[in-house]
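**Q** Sequence:
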Amino acid sequence: MKKSVIAAVLAGALALGALPFAAFAGETETSTETASGDLEKITVAASSTPHAEILEFAKPLLKAKGYDLEYTVFDDYIQPNNVVESGEFDANYFQHINYLNAFNKEHGTHLVDAGDIHYEPFGIYPGTKSSLDDVADGDVVAVPNDTTNEARALLLLEANGLIKLKDGVTINATKLDIAENPHNLDIEEFDAESVSEHTGDAAFVVLNGNYALQAGLNAGSDALAVETADSAAIQQYVNIIAVKEGNQNEPKIKALVDVLKGDEVKKYIEDTYKGAVVPFEGTVEASTEAETEAATEAE
Numbered sequence: 085m086k087k088s089v090i091a092a093v094l095a096g097a098l099a100l101g102a103l104p105f106a107a108f109a110g111e112t113e114t115s116t117e118t119a120s121g122d123l124e125k126i127t128v129a130a131s132s133t134p135h136a137e138i139l140e141f142a143k144p145l146l147k148a149k150g151y152d153l154e155y156t157v158f159d160d161y162i163q164p165n166n167v168v169e170s171g172e173f174d175a176n177y178f179q180h181i182n183y184l185n186a187f188n189k190e191h192g193t194h195l196v197d198a199g200d201i202h203y204e205p206f207g208i209y210p211g212t213k214s215s216l217d218d219v220a221d222g223d224v225v226a227v228p229n230d231t232t233n234e235a236r237a238l239l240l241l242e243a244n245g246l247i248k249l250k251d252g253v254t255i256n257a258t259k260l261d262i263a264e265n266p267h268n269l270d271i272e273e274f275d276a277e278s279v280s281e282h283t284g285d286a287a288f289v290v291l292n293g294n295y296a297l298q299a300g301l302n303a304g305s306d307a308l309a310v311e312t313a314d315s316a317a318i319q320q321y322v323n324i325i326a327v328k329e330g331n332q333n334e335p336k337i338k339a340l341v342d343v344l345k346g347d348e349v350k351k352y353i354e355d356t357y358k359g360a361v362v363p364f365e366g367t368v369e370a371s372t373e374a375e376t377e378a379a380t381e382a383e
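My numbering numbers the first residue of the sequence shown as 85 and each following residue consecutively.
Hints were generated in silico from the structure; no laboratory data involved.
One or more of the hints may lead you astray.
What the hints assert, rightly or not - Ranges between beta-carbon positions, derived for each pair:
| no. | residue 1 | residue 2 | range |
| --- | --- | --- | --- |
| 1 | 140 | 248 | 37 to 47 Å |
| 2 | 245 | 144 | 43 to 53 Å |
| 3 | 356 | 122 | 25 to 35 Å |
| 4 | 331 | 218 | 34 to 44 Å |
Keep in mind the model is a prediction, meaning the values are calculated, not measured.
Quick reminder that beta carbons are idealized off the backbone N, C-alpha and C, glycines included.
With the sequences and hints as input, model every part of the structure.
**A** So, in C-alpha cells, the structure goes:
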C-alpha cells in the first residue's frame, strides 16, 4: 500500500493542517540588536532541534557579513515548504533531500537544495531491553511511519541483522518488503515525533536524530546501533537549506550556506551534539538526487 510522504509530521500536524499560517509559527527569533538599514534580512523556516539552535549560533556570523538572520520555528513538516514556495520565507532548514524530492512530486512545488549542511544519524535505542543481543521472539520495535524515515529505520534494522529486506529494496522500503524476520519482530509504526514515547512498551525504538535529541538521547552515547558515516544511505538523508528554484544563487542564500558550512559552525555542531549531529562534508551528488526521484516515481 502506498503511503503518503507527508505522513511524517511533528506533534499535532494533522490537526493543524487546516489552520492559517500563524498557527504553525513559533516565536520569531531576531538579532539581539535592532537591524540597521545596512543589514539585509534573511528569513528561514526551521524545526527546533537542532536546526534553530544552529541558526541561532550562526546569527552573529551572518551579521558580520551584512545580513540579519531571522528564523521562525515551525511545528510540522509541511508549512516550512509551503512558505518558501509562496515566497514568504527565503529558505527553510529542517529536511533531507529525499523528503524534498518526494514533497515536490506530491505537491507540485519547485524547491531545490541550496546547500548540504549536516546529517543526524538514525539510531536504535533501548526500550524495555538494553542490548540487541537480548532480542527475543515477538519483540516490539517502534519505527517512524512516514515513507522515507520508515525505510531508513528498516535499513538500519537490516544492517544489524534483525530483519532482511527483499533484494533491491532500499529507500522506499515498508513493512511489506521484509523478506525475513527471524525473531518475528512486531514492527509498529508511529508518527516520527512520538516514537520516543514508546520506550516503555517496545523492546527497541528507532529514532530520527532530532527526535532523539528532543527526548534527551544522543546517537553518539545512547544508541545501541547507528548508521555508519560511510553508509551510502547517509547521502540520502543530509539535512539541507531548501529554497525556491531560481533563488539558490542569490548572494544572501550563498552567504547563509557558506556560514553554515564554515569552520565555526562545524565546530559548534561537533562540540554541542557530540555525534548526534554531524557536519556534512562536500555536497550531495546530482546522481543521488536523480536516483531518489526515480525511486519515488516507482513507488
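**Q** Of the hints stated earlier, which fail here?
**A** Of the numbered hints, just 4 does not hold.
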